[in-house]
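Hey, can you work out the whole structure from these sequences and the hints?
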Amino acid sequence: MKLLVPLKQVPDSTMRIKVAPDGKSIVTEGITWSISPYDEYAVEMALEQKDADPSTTVSVVTVGPVRAKDALRAALAMGCDDGTFVTSDENAAPLVVARALAKFVEQKQPDLVLCGRQASDDDQGFVGPALATILGWPHVATVTKFAPADGGIEIWREVEGGHEVWKASGPALVTVQKSDKEPRYASLPGIMKAKKKELPELALSSLGVDAAAPKIEVVKMETPPQRGGGKILKAADGDAASVAAELVRLLRDEAKVL
Amino acid sequence: MKVWVIAESKLMAQKASELRRVSLELVAKATAFGDTELVDVRGPERYVAAPAVDALAKKAEADKPDLVLVGSTPSGRDLAASLAARLGWAYAGDCVDVRPGEGSVEVARTMYAGKVRATIRLSLPAVVAVRPNAFPLTKTPPTDFQAQTVAAEMAPQKLQFVRFEPTKEAKAGVPLAEARVIVSGGRGLRGPENWKLVEELAAALGAALGASRAVTDAGWRPNEEQVGQTGKTVAPDLYIAVGISGAIQHLAGMTQSKTIVAINKDPDADIFKVADYGVVADAFAFVPALTAEVKKAKAAA
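So the protein sequences, as listed, match chains F and L.
Residues 1 to 258, numbered by the numbering used here, are exactly what the first sequence covers, in order.
Residues 259 to 559, numbered by the numbering used here, are exactly what the second sequence covers, in order.
Calculated directly from the structure, the hints in this document are not laboratory data.
None of these values were measured; they are calculated from a predicted model.
Hints should not be assumed to be uniformly reliable.
[To be verified] So the derived label-pair ranges between C-beta atoms look like this:
(1) F:249 to L:290: 32 to 38 Å
(2) F:107 to L:290: 29 to 35 Å
(3) F:249 to L:293: 44 to 50 Å
(4) L:422 to F:52: 22 to 28 Å
(5) L:451 to F:187: 35 to 41 Å
[Stated by the list, open to error] Facing chain L, a subset of chain F residues (Cβ under 8 Å, in silico):
(6) 123
(7) 125
(8) 191
For glycine and all other residues, C-beta sits at the position ideal for the given N, C-alpha and C.
So this is what it looks like as structure tokens:
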């Protein structure tokens, strides 16, 4: 089975994010960049299939600025077979990114494309569904598992109260909610191997995709107001009931949420 | 301005005949912008993008709405993004406010997993997914709108529904993303066998259950209950965190809540930095007392 994971490099989830003086972007100085967490789940999900069936190939691709190459290397170090780097400006329009990925998918012809549910920078969740729509492929959202089945692929979609199981009979795309296991760490041999691998580079502009896209412009960014200065109640042994009564009174009369 | 609201009823699996609250919230808001149409997609019982997108795109190209509003539920977001891509229209997901202007619309939404609040301007026409609870429901239901249905047909063979596998812990309750009150449990509860504690408090409050990532990763609770960066971003009126230390990824998913209560026995836990009311206490002693007091207050109301 041929699997393809398009991934994006974003600020690591442990980073505190500061808004830049222009009020429209973030401070990138001092940021550690990582594979977006949902994309990392997608990589893990693909690699679990490779563990189960070693004939599986897992390819990764990213569209991004120079720094994004590290994300591809990280995915190769986890055990992916090959990576392709599509170089672009820092803020390529999501629709153009999806068109570029569609060109690449048509060339590569994978059986299944696994995208993270959303990238943890713009949090839009646009490129996965857009890629499927452009390709005319069926897709299933918020997926937690897939498995080859007779004449196709079975796909588990997380919904309220459980999972829907779908079956794709041809190539399909999934947006990944979570993998079965936590994303694996790169092994030392994996890192050494990844270092030696060629990473073919393509310029986004060389793919011949339509560069026109609707205007989506950041007008303002701000960090949410600091919370805190809350009331602290201490419930020592034996007075739980009176503290609970006081909390209920505050929630009802002061916060007015009961 | 011509506004469409996509009805989410056929998009949900279990209660196909019921319109979601978020659809009503959006209709009420949209009628303030202009001519509003509630568009209901009739077709496959379970949501899948392609048939709904095909039907809606065809209709949108003919009717030319300026703005399409969709509830930002898991299915709604997927539909909105797919529809925008198909039409080549601007898109924004998970918005908490929508302000139409001349030839454009401004939306408020979070970025960087909830760590940044942003105002985004989209060219029109646009598809915007709006979070449940972003707009208050009007006391009298809106009547100043048209309703129409479009028929979606499932393309045979490409993708087929096979079966539904229920989660054993799942309770028929309020969906997490739409809940006004959430009670979340963390590792401080020591094990899945102790969940009765938070379940009883949630039942007394009419709340949905949430969990920290540590808890879902350990398999104590289903993934769908996870609140935080790789789970759900929530903003209820009241969020009660029980035995949750408050990792930055968890905080990113719940700091937009109106009122936050933290119950933790470690006075230095980070969760207290975002709490409006912090209770430094052993959850096993305090939560049953709180449940009892909530019941008392509800009975007296």
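To see whether the hints hold, each was checked on the structure:
no. : hint                       : in the structure
1   : F:249 to L:290: 32 to 38 Å : holds, 37 Å
2   : F:107 to L:290: 29 to 35 Å : violated, 48 Å
3   : F:249 to L:293: 44 to 50 Å : holds, 47 Å
4   : L:422 to F:52: 22 to 28 Å  : holds, 24 Å
5   : L:451 to F:187: 35 to 41 Å : holds, 36 Å
6   : 123                        : holds, 5 Å
7   : 125                        : holds, 5 Å
8   : 191                        : violated, 24 Å
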